[in-house]
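*Asks:* Turn these sequences into a full structure, and let the hints steer you where they fit.
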Amino acid sequence: MLAFAFTPALGMFLAFVAITLVITYFSARKAKGSAAYFAAGRSITGWQNGLAVAGDYMSAASFLGISGIICLKGYDGFMYSVGFLVAYLTVLFLVAEPLRNAGKYTMADLLAYRLKQRPVRAMASLSTLTVSTFYMIAQMVGAGGIIEKLIGVPFAPAVIGVGVLMLVYVVFGGMLATTWVQIIKAILLMGGAFALSWMVLGKFDYSLTRFFDAVAAADYGGTQTPRNLLDPGLAYGASAANPWGAWDFVSLALGLVLGTAGLPHILVRFYTVPDAKTARVSVVWATAIIGLFYVLTTFFGFGAAVLLKLTTVPADVVAGFIPLDAKGLPNGNMVAPTLAAALGGELFFAFISAVAFATILAVVAGLTMSASTSFAHDFYSNVIHHGRETKPGQEVKVARITAFFVGAASIALAIKLGSSVNAAMLVGLAFSVAASANLPVILFSVFWKRFNTTGAVCGLGVGLVSSIVLILLSKNGLYDAKTAPFPLANPGIVSIPLGFLGAWLGTLLTPRDPEAEAKFAELDVRSQTGLGAEGATAH
Amino acid sequence: MSTPENFDPTPISGGPTDVAPLGRGGEKPAHERTAGEDGDPYDWAAIANDPAFAELKRAKLRFIIPGTIFFLVYYMTLPVLVGFCPELMKTPVWGKVNIAYLFALSQFVMTWVLCALYVRAAKRWDRMNAELLARFPRR
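Going line by line, the protein sequences match chains A and B. Just so we're aligned, residue 1 is where the first sequence starts under this note's numbering, counting upward by one. Just so we're aligned, residue 1 is where the second sequence starts under this note's numbering, counting upward by one.
Simulated from the structure, these hints should not be mistaken for laboratory data. One thing to keep in mind: the hints can contain errors.
[Claimed, not checked] In silico DSS-like links for lysine-lysine, alpha-carbon gap of 30 Å or less: (1) Lys475/A x Lys90/B; (2) Lys449/A x Lys57/B; (3) Lys60/B x Lys519/A; (4) Lys96/B x Lys203/A; (5) Lys60/B x Lys116/A; (6) Lys57/B x Lys116/A; (7) Lys449/A x Lys60/B; (8) Lys123/B x Lys449/A; (9) Lys277/A x Lys123/B; (10) Lys57/B x Lys104/A; (11) Lys277/A x Lys57/B; (12) Lys60/B x Lys277/A; (13) Lys123/B x Lys104/A.
[Said to hold, decoys possible] Label pairs and their computed distance ranges (CB to CB): (14) Pro92/B x Pro497/A: 33 to 43 Å; (15) Ala134/B x Thr209/A: 52 to 62 Å; (16) Thr68/B x Phe404/A: 35 to 45 Å; (17) Met76/B x Pro485/A: 23 to 33 Å; (18) Leu508/A x Thr68/B: 21 to 31 Å; (19) Ala134/B x Phe447/A: 18 to 28 Å; (20) Ala121/B x Pro485/A: 44 to 54 Å; (21) Pro511/A x Ala54/B: 24 to 34 Å; (22) Leu102/B x Ile187/A: 26 to 36 Å; (23) Glu131/B x Thr209/A: 52 to 62 Å; (24) Arg135/B x Ala15/A: 48 to 58 Å.
Built from N, CA and C at the ideal position, the CB exists for glycine as well.
*Replies:* So this is what it looks like as structure tokens:
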């Protein structure tokens with residue numbers, strides 16, 4: 001049934017959709033040619049791209065997921081906030097500028113620069129599609145469940161609606177529209193986070209001391225007895241049930257800090273700016289915005305644990321009861337909207353819900369964009385057609401068709417999986433694949449002259465396979481906590497070194513590649529100085 | 001729907017060359033050429049062997065290598081301490097606020113400070129870079 005009530009949340013969300021569609025319309029009129037479609041004409045300024053990077057990063061997992069996990073697990077949830085931010089130092093120091101200087105549209109441009117194009121691009125494209133698809137299914141599945149509760153649209157039409165809108169942005173508007181959707185959403189999200197934090201502090205007379213005193217005796221931490229939520233160990237503490245807890249914590253932290261620098265939908269953002277200097281500025285903007293946001297998670301995450309109430313009755317969000325999920329446990333994803341309803345009433349609940357919906361929509365669009373760019377540019381143009389366009393505009397056309405299929409496939413998968421799939425597992429998989437497969441080969445191709453094609457293919461392959469296999473063997477995969485052959489939920493601490501080892505051994509065990517080493521001087525000069533880099537199209 | 005240009009909320013992105021279809025017969029504009037098509041407009045080897053280039057790379061690595069080691073160690077110390085010495089981390093410092101939370105908060109400050117230091121260092125690299133490139137015009 002498609003009949004649903006016209007709620008304020010739905011109204012606010014429709015307003016957001018209307019604004020973004022206008023932008024898509026205008027973007028579509030001027031987005032002609034590959035650089036315009038894939039990289040927004042390289043015309044995005046530093047602060048704009050900073051907001052867009054922040055927008056891509058502050059997904060539903062960040063906003064709804066982190067506030068939920070802090071509320072339910074206390075300090076251990078806050079570790080996600082820390083890891084997600086520090087990760088930007090990896091991006092800034094090691095990846096952003098060389099990538100912008102030596103690439104064109106995708107991560108593989110840098111990897112394949114001095115190596116054999118086809119094998120390297122095929123593997124890089126496979127890894128990009130894997131990361132994007134897992135990340136996207138997680139967002140879509142999360143989206144369906146949340147929209148059902150927030151806006152009152154049933155699961156299947158909600159997912160189809162998100163999918164179709166996302167396709168409109170990507171297919172017609174390309175990177176320019178996707179970027180502006182991200183910027184608007186980032187501003188809305190920051191506004192919502194500030195307002196929510198301010199209201200929480202208001203409950204404690206704007207006194208930090210009183211706030212932290214209350215957090216230290218919160219009666220809502222998934223425990224139902226008062227407990228100091230600032231103490232670590234609720235989720236990852238070593239215990240009889242989970243003797244590997246501390247290692248899991250270290251592994252998660254490692255995956256977070258190294259994974260971001262390999263996430264394709266973040267990396268493609270650096271091609272939308274005119275030069276490496278602007279890429280640098282945009283990382284700095286993103287770090288400032290994201291950092292501020294994650295500091296605020298203190299207030300609306302811990303605040304929710306103090307102010308909201310556990311319930312076993314059907315939820316009443318306005319009274320501050322967190323709704324339950326299918327298993328009868330408090331639904332972490334509903335913590336932020338419930339807090340908004342309890343503090344700011346129905347209209348503020350509507351605003352936060354619409355922001356959450358916009359967040360999912362924008363991130364899904366960004367992911368589809370990076371997946372279809374990689375397929376069209378790396379796989380179709382360079383692997384199948386050896387880097388030559390068969391017809392004018394073929395690459396963009398293929399990307400649009402790919403976007404359609406990627407969108408349709410993830411809509412179908414999300415509806416098929418329903419809300420039974422573990423979204424955290426999918427996002428964890430995306431981060432560990434990014435850190436284990438993509439990061440080692442990016443670093444080696446920029447900094448190691450001897451690096452060769454076999455090394456790149458091995459590094460990508462070993463990183464990709466080891467992280468997927470380890471997750472399948474863990475309690476997040478095919479096993480439960482007692483029987484899992486691999487004791488950690490996060491594979492990073494094993495799979496990241498394996499990715500580096502694969503790339504290193506693959507290189508050393510095969511003959512030197514004189515051609516690749518001869519081109520190292522050129523790549524080195526390009527990536528370090530930006531000489532000959534692809535510039536902005538508007539001169 | 002009438003769409004006067006001045007209602008357009010998005011920035012100008014397309015230059016005149018941008019609108020031309022790809023794959024056209026004639027020569028591509030400079031910014032659209034790929035490395036292969038460029039036909040080596042620069043003497044890469046000469047730049048790579050220039051002492052000023054080596055100096056630029058050294059300057060970058062002198063910042064990036066210690067910086068990366070520092071932030072990775074500083075960051076990973078947090079999960080290691082939290083995981084293996086939870087009792088130490090639960091020690092209250094300021095009211096009810098414990099070492100664990102303050103250490104986590106210090107990671108934010110650390111990130112912003114390193115960001116600022118990087119930007120300052122990068123300004124120096126940009127100057128060195130400009131001086132280097134001025135001596136190697138496009139041929």
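*Asks:* Hint check: Lys277/A vs Lys123/B, CA-CA at most 30 Å. Holds or violated?
*Replies:* Answer holds: Lys277/A to Lys123/B is near 9 Å, not above 30 Å.
*Asks:* Against the range 52 to 62 Å, how does the distance between the Cβ atoms of Glu131/B and Thr209/A compare: consistent or not?
*Replies:* holds, 54 Å
*Asks:* Check the hint pairing Lys449/A with Lys57/B against an upper bound of 30 Å on the C-alpha distance.
*Replies:* holds, 14 Å
*Asks:* For a C-alpha distance cap of 30 Å, please report whether Lys449/A and Lys60/B respect it.
*Replies:* Measuring from Cα to Cα gives roughly 17 Å; hence the hint holds.
*Asks:* Within 30 Å, alpha carbon to alpha carbon, are Lys57/B and Lys116/A?
*Replies:* Holds, because 26 Å separates the two Cα atoms, which is no more than 30 Å.
*Asks:* Take the C-beta atom of Ala134/B and the C-beta atom of Thr209/A, compute their distance, and say whether it sits inside 52 to 62 Å.
*Replies:* holds, 57 Å
*Asks:* Does the Cβ distance between Pro92/B and Pro497/A fall inside 33 to 43 Å?
*Replies:* holds, 37 Å
*Asks:* Does the structure keep Lys96/B and Lys203/A at a Cα separation of 30 Å or less?
*Replies:* holds, 18 Å
*Asks:* Does the Cβ pair Ala134/B, Phe447/A satisfy 18 to 28 Å?
*Replies:* Holds, at about 26 Å.
*Asks:* Can you confirm whether the C-alpha distance between Lys123/B and Lys104/A stays at or below 30 Å?
*Replies:* holds, 24 Å
*Asks:* Do the beta carbons of Leu508/A and Thr68/B sit within 21 to 31 Å of each other?
*Replies:* holds, 23 Å
*Asks:* Would the hint linking Lys57/B and Lys104/A be met if the CA-CA limit is 30 Å?
*Replies:* Measuring from Cα to Cα gives roughly 23 Å; hence the hint holds.
Checked against the numbered hints given earlier, the structure satisfies every one of them.
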